[in-house]
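Asker: For the record, the sequence lines run as chains A and B.
Residue numbers for the first sequence follow this note's numbering, so the first one is 118 and each next one is one higher.
Residue numbers for the second sequence follow this note's numbering, so the first one is 25 and each next one is one higher.
Be a bit skeptical, because a hint or two may be false.
Listing some non-contacts, in silico: residues in chain B with all C-beta distances to chain A over 10 Å [said to hold, decoys possible]:
(1) Ala38
(2) Asn41
(3) Val51
(4) Asn65
(5) Gly67
(6) Gln69
(7) Phe70
(8) Lys73
(9) Leu80
(10) Ser94
(11) Ser97
(12) Leu125
(13) Thr129
(14) Pro137
Listed next, the in silico DMTMM-like pairs over lysine to aspartate or glutamate satisfying Cα-Cα at most 25 Å (straight line) [to be verified]:
(15) A/Lys187 - A/Asp147
(16) B/Lys82 - A/Glu186
(17) A/Lys200 - A/Asp147
(18) A/Lys216 - B/Glu90
(19) B/Lys124 - A/Glu186
For the record, the hints were derived by calculation from the structure and aren't laboratory data.
We put the CB at the ideal spot given by N, CA and C, even for glycine.
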Amino acid sequence: DGGITQSPKYLFRKEGQNVTLSCEQNLNHDAMYWYRQDPGQGLRLIYYSQIVNDFQKGDIAEGYSVSREKKESFPLTVTSAQKNPTAFYLCASSVDRGKEQYFGPGTRLTVT
Amino acid sequence: AQSVAQPEDQVNVAEGNPLTVKCTYSVSGNPYLFWYVQYPNRGLQFLLKYITGDNLVKGSYGFEAEFNKSQTSFHLKKPSALVSDSALYFCAVRGTGFQKLVFGTGTRLLVSP
Numbered sequence: 118d119g120g121i122t123q124s125p126k127y128l129f130r131k132e133g134q135n136v137t138l139s140c141e142q143n144l145n146h147d148a149m150y151w152y153r154q155d156p157g158q159g160l161r162l163i164y165y166s167q168i169v170n171d172f173q174k175g176d177i178a179e180g181y182s183v184s185r186e187k188k189e190s191f192p193l194t195v196t197s198a199q200k201n202p203t204a205f206y207l208c209a210s211s212v213d214r215g216k217e218q219y220f221g222p223g224t225r226l227t228v229t
Numbered sequence: 025a026q027s028v029a030q031p032e033d034q035v036n037v038a039e040g041n042p043l044t045v046k047c048t049y050s051v052s053g054n055p056y057l058f059w060y061v062q063y064p065n066r067g068l069q070f071l072l073k074y075i076t077g078d079n080l081v082k083g084s085y086g087f088e089a090e091f092n093k094s095q096t097s098f099h100l101k102k103p104s105a106l107v108s109d110s111a112l113y114f115c116a117v118r119g120t121g122f123q124k125l126v127f128g129t130g131t132r133l134l135v136s137p
């Protein structure tokens with residue numbers, strides 16, 4: 118059963134703590150993406166990766182970090198430097214950078 | 025710069041009636057256009073895309089979209105709405121070359137029985 122998995126579905130953290138969101142895909146896609154979704158603002162690109170061991174900042178990378186050590190995995194760390202981390206985080210992948218993206222189910226992060 | 029506008033925050037339609045969700049875009053070069061649907065607390069599902077070719081694109085669940093180059097629009101349509109179509113719909117665009125995918129702010133579709 119091919120697809121993108123994100124875990125956990127809900128995540129709660131205290132302010133000042135780093136937290137890592139998991140994203141795994143078995144679609145054999147080269148490109149992977151992280152988006153943040155806030156009500157009324159659509160999706161904003163945090164980071165993207167076109168190949169293993171390479172990634173680029175998106176529009177709102179400050180306070181976030183990623184790694185791409187394996188083709189299947191693209192974890193996102195929300196650091197304590199992120200001023201407003203509470204949001205719905207979506208991971209996506211595509212065959213290559215030009216094709217349609219397929220999304221995981223999302224992780225809702227709440228920081229208090 | 026690339027941009028997408030979804031001028032309606034919400035569209036209301038009765039079940040069985042045709043529906044249209046509007047999208048206009050601005051991009052350099054030829055546009056690559058996409059529609060996605062999102063159900064509550066879920067990820068986005070790909071519906072359809074326009075890359076080149078026929079201006080009328082057919083996609084999943086009976087949806088279609090019409091590309092209009094002169095009006096820079098890519099409106100999503102369905103001939104007969106279902107209550108289960110109620111969801112949040114996103115239009116997205118990217119230009120030629122590697123440019124990131126830009127999403128609209130979404131349009132909530134509410135289909136009443």
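Asker: Run every hint past the structure and note whether it holds.
Answerer: Hint check results:
1. Ala38: holds, 26 Å
2. Asn41: B/Asn41 clear of chain A: closest Cβ-Cβ about 27 Å, beyond 10 Å.
3. Val51: holds, 14 Å
4. Asn65: violated, 7 Å
5. Gly67: violated, 4 Å
6. Gln69: violated, 7 Å
7. Phe70: Violated, because the least Cβ-Cβ distance between B/Phe70 and chain A comes to about 5 Å, which does not exceed 10 Å.
8. Lys73: violated, 5 Å
9. Leu80: holds, 18 Å
10. Ser94: At about 25 Å from chain A, B/Ser94 clears the 10 Å cut-off, so the statement holds.
11. Ser97: holds, 18 Å
12. Leu125: Not fine: 7 Å to the nearest Cβ puts B/Leu125 too close to chain A.
13. Thr129: Given a closest Cβ separation of 4 Å, the condition is violated.
14. Pro137: holds, 26 Å
15. A/Lys187 - A/Asp147: holds, 10 Å
16. B/Lys82 - A/Glu186: Given that 25 Å is the threshold and the Cα spacing comes to 37 Å, the pair is violated.
17. A/Lys200 - A/Asp147: Since the Cα atoms of A/Lys200 and A/Asp147 sit roughly 31 Å apart, the hinted pair is violated (cutoff 25 Å).
18. A/Lys216 - B/Glu90: holds, 19 Å
19. B/Lys124 - A/Glu186: OK: B/Lys124 and A/Glu186 at ~22 Å, within 25 Å.
Consistency with the previously given hints fails for numbers 4, 5, 6, 7, 8, 12, 13, 16, 17, ordered from lowest to highest.
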